[in-house]
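Colleague: Each chain, written out:
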Amino acid sequence: MADATAHRRTIGTLLTARRGRGKLHWTDIFTYLYLAFGILLMFGPVVWLVLSSFKTPAGLLEFPPTLLPLGQISAEVEGYDKPLPIFRATLEDGTEMELAQVRRIGIVSQMVDPANPDQTYKVPISNRTPVREFRIASENYTEPLRKFNFGGYLWNSIIVTVVATAITLLINSMAAYGLSIYEFKGRNAIMIFVIGTLMIPITVILVPVYLVVTSLDMVNSLWAVILPGAATPTGVFLLRQYMLTLPRDLIEAARMDRASEWQIYWRVVLPLALPAIAVLAIFSIMWRWNDFLWPLIVLNRSEVYTLQLGLNAFQGELDVQWHYILAMTVVTLIPVVVVFGFLQRFITTGIASSGMK
Amino acid sequence: MTNRMKTLLGTSVLSLALLTGNAMAEADLRMTWYNDGNESEAMQALLDKFEKQNPDISVTLDVVPYKAILESLPVQLAAGDGPDIARVTDLGGLSKYYLDMTPYLENADYWRENFGPFLKWLDPDGDQISGFMTQLTVTGPYVNKTLFEQAGVAMPGEGATWDDWAKAVNEVAAKLDIPIPMAWDRSGHRVSGPAIAMGAKMFDDDGNPALVDDGLKSMATKLYDWHQDGTMAKELWGSVSGSTYLGANEDFANAQVVMYMSGSWQIPQFADKIGDAFDWWAVPAPCGTAACTGMPGGAALVAMKDSDHPEEVAKLMDFLAQEENLAEFYGKNLFIPGHLGLATGGVDFATDDPRAKHALETFANAVPGISPTAFDLQGYANNRVMFNALISRLGEAIVGELTLDQAFDRMTQDVEKQLAEKERGN
Amino acid sequence: MSPKPSKTASEQLQAIAAWPLQMFFRLLDIPLRGIQKMGGIGSMPYVFLLPNLAFFGMFVIIPLFINFGFSLTGGTNLFLQDRVYVGGEQYSFLFKCENYMVSATCQEDRFWKGIFNTAIFVLFQVTFLVIFSLITAIILNRKIRARGFFRAVFFFPVLLSPVVVALIWKWILLRDGILNAFLVSLGLDKILFFVSPEWAMFWAVFVSIWAHMGFYTLILLAGLQAIPPDLYEAAEMDGTSKERVFWRITLPLLWPNMLVVIVLALIKGVQIFDEVYVLTGGGPGTATQFIVQYIYNTGFTNQVQNFGLASASSVVLGVVLFVLTMLQLAATRRRNNG
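Protein chains in written order, with our numbering: chain A, 1 to 357; chain B, 1 to 426; chain C, 1 to 338.
In short, the hints are calculated from the structure, not lab data.
No false leads were slipped in.
Each computed DSBU-like pair below joins lysine-lysine, with the alpha-carbon atoms no more than 35 Å apart:
# : chain 1 : residue 1 : chain 2 : residue 2
1 : B       : K67       : C       : K96
2 : B       : K145      : B       : K201
3 : C       : K96       : B       : K201
Residues on chain B that point at chain A, a partial pick, calculated with CB under 10 Å:
#  : residue
4  : G37
5  : T60
6  : L61
7  : D62
8  : S72
9  : A79
10 : Q150
11 : A253
12 : D276
13 : A277
Covered stretches of chain A (in silico footprint by chain B; criterion: 3 or more residues with CB under 8 Å from a CB of chain B, positions within the stretch not fixed):
#  : region
14 : 207 to 215
15 : 290 to 303
No residue lacks a Cβ here, since even glycine has one placed at the ideal position from N, Cα and C.
The whole structure should be built from the sequences, with the hints applied where relevant.
Modeller: Now the structure itself:
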């Protein structure tokens with residue numbers, strides 16, 4: 001990594017310093033504009049999602065939308081059982097007052113002065129606006145989460161993700177090793193075959209795969225989610241490309257030392273291929289974590305639900321509940337953000353150095 | 001703890017968790033359920049009660065997204081991996097997987113008396129007893145009465161036609177600057193009621209589906225024109241493809257819509273979301289040239305043939321179907337009862353919202369006035385084929401991809417093609 | 001697994017995690033060594049390939065055969081043995097057309113509309129995806145502050161699930177969404193993005209680029225970093241303009257990575273489904289209904305699940321994709337060799 005940094009520095013200096021010190025080339029201005037715009041465009045939508053997820057259903061329906069989640073203030077008024085919502089009302093004589101609404105009949109709202117509960121007013125509803133304060137609608141989160149076995153689904157998701165990723169890494173790296181280190185009959189055929197399967201989206205063979213899973217009697221077990229996607233062509237492809245770049249003399253030297261082929265694989269090649277394996281691990285984790293369509297078909301018992309299924313279970317036939325959808329989307333995002341935070345350096349440098357040529 | 005022990009523990013917990021998927025108790029029943037609101041809570045309460053009375057039977061409620069009921073459940077049932085009981089909306093289409101509970105029921109007459117017309121929906125060609133309606137729905141419009149009052153426009157009364165309503169809502173919208181005068185759910189089921197009101201027969205004299213006739217054409221043309229002149233907003237019907245359902249409930253709740261054609265199932269949601277922010281008012285189905293009708297519909301809880309425990313399944317279903325239990329279920333959820341005894345006797349709905357009460361009353365009173373054609377259509381096993389052809393092609397016409405005449409031809413073709421495919425090999 | 005002694009927490013963690021792994025690999029060495037003794041080194045590649053190929057065979061190849069079998073049958077039965085053999089009927093139904101250029105004249109108009117839409121989508125999506133990935137990679141390769149942070153910024157959408165991506169953007173683009181609020185605040189009218197076919201296609205392309213650009217940017221970044229810096233230094237000595245350096249040095253040397261990007265982007269572009277399905281639902285009308293969505297709808301969401309027709313369509317799609325990829329690989333090879 002050290003000399004890569006040095007390279008970058010020289011290129012960087014070269015690119016920025018050509019027109020003399022202090023003077024900006026148009027590319028510099030463009031760069032910073034582009035990056036500023038990039039932050040807005042890439043982060044903005046997610047920030048907006050998170051802010052929106054804390055709004056009440058009524059708050060979500062507002063136009064123009066408020067930036068921060070707001071909730072209407074309500075107050076206890078003497079003589080009324082429930083807290084009453086507070087409005088800023090313009091009275092007939094033009095004075096403005098903060099009043100509590102007792103009830104609304106048609107287009108007239110019956111209001112009361114919270115400071116002076118005996119005084120009631122009748123205000124047309126177009127002359128009042130709700131008084132609001134910053135308030136987080138945490139019930140968007142707690143309500144759906146309370147309804148289901150969050151811990152259980154999380155556990156299933158973790159098992160699926162971990163076991164599937166482990167299997168994927170093992171068998172993909174073995175296959176990649178076989179395809180990159182040895183010359184043998186049928187190698188090209190297998191490579192074409194791998195690339196060929198790269199092109200088939202699972203969506204178009206859902207039913208046939210389901211038939212296979214049924215005949216293996218795996219429906220409603222986590223294996224049905226783990227196994228079918230384990231042999232990823234992308235993984236084989238990526239790892240093989242990386243292993244092709246490894247120096248051959250290391251392998252030859254190990255053979256001289258009478259290491260078995262299996263030992264060469266796990267003691268020599270695997271450690272060297274770690275950056276590429278890390279990349280595949282991250283992708284595998286993301287694929288498994290986000291998987292929805294396939295689990296929806298093979299899992300229909302709540303004890304084997306993954307988080308994605310559980311979080312979507314409140315989506316009914318007739319009702320789109322944005323406040324829940326947004327909140328649950330944020331929930332599924334959290335682990336992704338955490339993994340990304342930890343592995344960010346690995347991802348960006350890993351893919352970069354894995355070559356992908 | 002040593003590393004070794006940790007690993008050991010980790011792997012054994014892991015393998016345990018992987019195994020549980022296959023573990024099954026002697027009479028462990030599975031009920032696949034979807035939620036529109038919170039219905040599963042009321043159902044769970046009943047199941048708890050049942051389990052207390054029958055300690056040898058355990059029931060697990062599996063709540064799935066509605067998408068799974070429509071798309072995954074048929075495949076699972078075909079493969080023999082289905083649940084024992086499921087809440088479904090494709091009532092006739094899945095008929096071949098239903099269990100006939102008649103031999104297991106102590107009092108089959110109770111079922112026939114109280115669920116009579118709906119049993120036919122579940123088994124169009126026979127007289128099996130397979131389940132009951134968790135919810136009877138009736139389609140019909142809601143209006144924002146407050147907007148009418150603010151605009152000073154009189155609401156069309158009983159017997160008003162769709163054209164009367166279109167004129168009135170346009171007037172209101174123009175006066176108050178409301179963006180969407182009228183909105184309909186994007187659903188073939190919703191369109192069918194008014195189409196029947198305009199004289200659509202839906203079937204030919206031999207009872208075979210004949211979707212496109214003059215009645216349907218005249219309603220479809222009206223809808224097409226309303227989209228062109230701005231009475232209806234293109235964003236609802238125009239913005240998705242195929243038979244995708246879209247509702248305008250959010251817009252209506254936000255007072256962006258004067259009149260919203262949907263159905264009784266919106267009541268709990270509106271009571272919750274709108275509350276008293278404005279008067280949302282269910283009105284009787286507007287009239288066409290032939291009738292003033294909506295469509296009946298709903299979801300049913302059905303027992304499945306492949307169950308290993310048919311007797312226990314029937315016992316559970318019988319328990320759930322008892323009048324007091326259903327009354328509790330319908331009442332809690334503000335559902336129109338699909339139980340004739342309760343329909344006449346009345347259910348004590350758990351709401352004190354006058355708008356919700358009025359709406360429930362309006363829809364319940366609409367049931368006797370529903371056209372027989374609408375009942376036939378609802379009872380027809382392949383009705384979704386017709387609904388989907390209707391809405392998807394009409395949608396394509398509205399956005400200008402097809403002319404109306406092309407759309408009508410395509411509707412006919414779509415229905416023919418799909419029915420022919422279904423006939424093949426059966 | 002790391003042979004280097006080290007004290008950082010992450011490496012200690014690695015060491016702990018490595019212990020069971022070591023045992024696992026060591027145990028496996030015993031039987032595998034035996035196989036190697038019996039079969040010689042020549043047998044080893046097959047041993048290494050076996051598990052992966054077994055999974056492939058089970059969950060990809062067998063389903064592909066079943067799929068092909070489905071495409072020759074009709075009816076709605078699930079199991080192949082219960083289905084009615086109809087020969088090439090499903091295929092001929094798909095291809096029944098008066099004029100292949102006008103999808104409305106075809107029997108199965110939505111299939112052709114799907115193909116047509118997919119072609120347009122791929123054309124725009126791949127073009128702009130490559131252009132923006134390239135610009136981003138070049139910018140991230142410059143000497144800028146907080147480069148790691150900016151890389152992360154452009155990369156993180158890759159990790160979001162398609163459904164999440166679509167929901168995020170749908171929420172922004174709704175009639176009362178924040179983008180329309182912005183337009184209104186500028187004094188413009190609201191735009192109903194999902195009602196106009198052009199806007200819907202624009203956003204389908206935009207959102208899929210937004211979600212995937214980070215991945216391709218990194219591939220190109222790797223290529224940029226592999227370009228020897230002395231080339232740039234030499235160019236600077238000669239006083240070559242930056243623009244010229246880009247066209248004469250950067251782009252040609254980056255070409256292999258560009259090809260990977262183009263091939264992968266094309267394959268993924270043709271497979272586009274979830275994001276757009278959630279975002280636009282394929283609408284308005286059928287303006288953004290792509291081929292995979294057509295297959296999914298035909299075989300899955302319709303009340304009559306027509307597995308036969310869906311399979312026939314997917315076989316057609318597969319053949320087209322395969323031919324496209326092979327042509328590209330051939331082109332690459334020719335370029336590399338000559």
